[in-house]
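Chemist: For reference, the chains in residue letters:
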Amino acid sequence: MSNELESLREQLREAQETLQAIRSGDVDALMVDGIHGERMFTLSGADEAYRVLVEEMSEGALTLTAEGTILYANRRFSQMLKSPLEKVLSTNIYTWFSKEHQSILLELLQKNKEARRHKELALIASDRSVIPVYLSVSNPHINKMPDTICLVITDLTEQKQNEEIIASEKMASELLKASNESKKELLGILEEERKAKVDLAHANRDLSALSEDLVETQKRYETAEKIGKVGSWEYDVSTQDFWGSAEAKRIYGFPAESANFTTEIVEDCIPEKKRVHQALEDLLEKGTEYKLEFEIHPADGTPPKIISSIAETKYDENNKPMKVLGFIQDITQRKQAEKSLKDKKKELETIIEEAPNPIMVHNEDGKVIQVNKVWKELTGYRYSEINTIEKWTTKAYGEEMPTIKKYIDNLYELKHAVNEGEYPITASNGETIIWQFSSAPLGIINGKRTVVSSAMDITELKKKDEMIINQSRQAAMGDMIAMIAHQWRQPLTVIGMVANNIKLDIALEEEITTQELEKIADTISEQTQQLSQTIDDFRNFFKPKQEKAKTTVGNVLEGTLKIIGKSLENNNIAIMIENHSETEFLTYPNQLLQVFLNLLGNAKDILLDKVVADAKITIKIDETQDSIVTTICDNGGGIPEDAIKRLGEPYFTTKEKNGTGLGLYMSVTIVKKHLNGSLTWENKDEGACFIVTLSKE
Amino acid sequence: MKANDSQYILRLYVAGQTPKSTLAIANIKKICEENLHGDYDLEVIDLYQQPQLAQGEQIIAVPTLIRELPLPLRRIIGDLSNTERVLIGLDIRSKT
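As given, the protein sequences belong to chains A and B, one line each in that order. According to our numbering, the first sequence holds residues 1265 to 1961 in order. According to our numbering, the second sequence holds residues 62 to 157 in order.
These aren't lab readings, by the way, just hints derived from the structure by calculation. Hints may contain errors.
To be verified - No more than 30 Å apart at the CA atoms, straight line, and that leaves these computed lysine-lysine pairs for DSSO-like:
#1 A:K1537 to A:K1434
#2 A:K1640 to B:K91
#3 A:K1727 to A:K1669
#4 A:K1727 to A:K1830
#5 A:K1814 to A:K1712
#6 A:K1351 to B:K91
#7 A:K1669 to A:K1459
#8 A:K1727 to A:K1679
#9 A:K1812 to A:K1608
#10 B:K91 to A:K1383
#11 A:K1555 to A:K1640
#12 A:K1783 to B:K91
#13 B:K91 to A:K1363
#14 A:K1948 to A:K1936
#15 A:K1948 to A:K1919
This structure is a prediction, so every number in the text was calculated from the model and none was measured.
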């Protein structure tokens, strides 16, 4: 009974106290237990809207004491901490942060700083998970609570994830960009174009997957558009609404965020708007393929661009056009590259066409891609007559065609330019012209290995050479005849003398015995043999067929002296020979003989011209390790200084009479080109020396 | 001194971020820290966000502080700014 009384007394005390608190304004809400459960009635109603805002906001909102005690926290904050609200309120805010972040928070919560402070920190939730958050701190003035701190906490988890995605996509795009830059400009353009196509295909695919992952797809799509310079647009047939992607707007010279992007202002950028508009109408009405290239004048005043535009119609279930989906691509760069390539190609073709030498471009398929003007002029063939290697070789080389064609076929393996030598070519008028060819690879053109062959018409040069040779031969023949005359004089004198003796004997009526007649016959026979030998010696020299043979320089010199020796002797020119060489070597003996003959002949001429008293020619044959050196010196006073350099040029002579200026030129040519040696000259002691150096090999 | 060696279990019922409620939290936290030296367990219940938690506790006015332990149950209504009254109400005056 007394317990009950005590309880009642306690309840009464509580009731009085509650009443007192309500009366004195110590409470700000009342709880009523109704049919819907407990309900709260707050006593101050004007701020309810703000309270709801704070209670329901998607950021965590807190009020703290200066020490960090959580006076108030909304539900969002307790969700962030994954802890019931009652386990959050009245706790200290610092306990929800890691040790290292506590000191930063302490600084952040300090008063007397800026009115609002912000910082990115991390919360430690009740399950120890780390939540990246953004803290905004302020110190609002609240009646009776001067040191209250207000904290708004934004959960950055999603944002961080998005940032990571963006960063990885950015990195991928950077990599893509970097790899593009390393390529050559033209390849780069082609590559970009290819990528654009691939990206366009991706973009198309992405479009259909749009509903699944709109945000991600959009990002990739925009990247693809940017890389490929591809913009997309949509036209709603029923509402006539027009939409363009950021890249589409950029291509047309509008800011990406521009809202004013309508069919009218787009068409204003197109000089050929009528044609473009018609194409769209045809697509909608007749289903005609929409695939155009046209020029645009961007709205921002940048230079005109060329764009490629494709579009297709989307139909509803009743097969009625619903919307038009289109893509535009900025192909200005590609067009410029194409034009520049075309210009370059044309330039090259013009250079080839107008070149002063005959030029032919041909490929491994046997196709003649180009022959220039000079080629056609010199050969007299039209392009259609020689537009394949087979046609050309058949016309130009006749019977030699299979060999030449085989040779040309090998040219496609070329890695560098080659000189191919001289070839006689039959022109359309049947005349033979001589061309010296050289070829070089042009690389792969249109998938085929291509070669440029150029020629030099050396017909005239050849004719000139031939003329010089003929002249020099004629001059040599003249010399020969003089030499033969010298050689024949003695035997003829002997024969003449024998004949005279016989005539004398007959006149004196002296008896000629058989023995005497036999002796006379032997003498005549001996002399005629000598005459015959002379002819053989000269004939050997003029032999048209010249073959290589093993011999010594001494042997050749002996042969030379057989021809010219008598002539020197008759002119009182002494020959002194000093031979230190017995080595046999492979050479053209007759050609060397011609050289010696020319050098000895020149020495004789100069000695006779100068009327030297004790005229002599010294011939010395020496050997070094690799070569045989023959030095022919005279005592004719030497070559004049001003002539020493010009000596050896065709038609240059120092002789006062009968000089053609071809003898030494021919000798130099023979030694250099045929005998693989050298012929030099110098003045020494009393006269000129000519040195013939021949390789032993 | 009734509960010298037993832990205080306190429950404060508040009404969101109303002035009296926030004041009550600050006050009780301060009183406990200064007088109970950590030997307490305080739970703050926001009835604005979770009104169902008032069920069975006969809460009429908010803020209300209830001393669950040590028994007997004690209630203090108001913003707890009168520290003296709170200490008497909770019977912890002798702890200082």
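Chemist: With the threshold set at 30 Å, check whether the alpha-carbon distance from K1727 (chain A) to K1679 (chain A) stays at or below it.
Modeler: violated (34 Å)
Chemist: Next pair to validate is K91 (chain B) with K1363 (chain A); report whether the Cα-Cα distance is within 30 Å.
Modeler: holds (24 Å)
Chemist: Is the hinted pair K1669 (chain A) and K1459 (chain A) satisfied, with a Cα-Cα distance of at most 30 Å?
Modeler: violated (44 Å)
Chemist: Given the hinted pair K1948 (chain A) and K1919 (chain A), is their Cα-Cα distance within 30 Å?
Modeler: holds (19 Å)
Chemist: Verify the proposed pairing of K1812 (chain A) with K1608 (chain A), using a straight-line Cα cut of 30 Å.
Modeler: Violated, at about 54 Å.
Chemist: Holds or violated: K1537 (chain A) and K1434 (chain A), Cα atoms, limit 30 Å.
Modeler: violated (37 Å)
Chemist: For the pair supplied as a hint, K1640 (chain A) and K91 (chain B), is the alpha-carbon distance within the 30 Å limit?
Modeler: violated (112 Å)
Chemist: Do the alpha carbons of K1783 (chain A) and K91 (chain B) lie within 30 Å of each other, as the hint requires?
Modeler: violated (169 Å)
Chemist: Within a Cα-Cα threshold of 30 Å, do K1814 (chain A) and K1712 (chain A) meet the stated pairing?
Modeler: violated (50 Å)
Chemist: Just to be careful, I want the Cα atoms of K1351 (chain A) and K91 (chain B) compared with a cutoff of 30 Å; is the pair within it?
Modeler: Distance ~18 Å between K1351 (chain A) and K91 (chain B) Cα, so the pair holds.
Chemist: Does K1936 (chain A) sit within 30 Å of K1948 (chain A), going by the straight-line distance between their CA atoms?
Modeler: With a Cα-Cα distance of about 23 Å, the restraint between K1948 (chain A) and K1936 (chain A) holds, given a limit of 30 Å.
Chemist: If you draw a straight line from the CA of K1727 (chain A) to the CA of K1669 (chain A), is it 30 Å or shorter?
Modeler: holds (27 Å)
In this structure, the earlier hints numbered 1, 2, 4, 5, 7, 8, 9, 11, 12 are contradicted, and the remaining ones agree with it.
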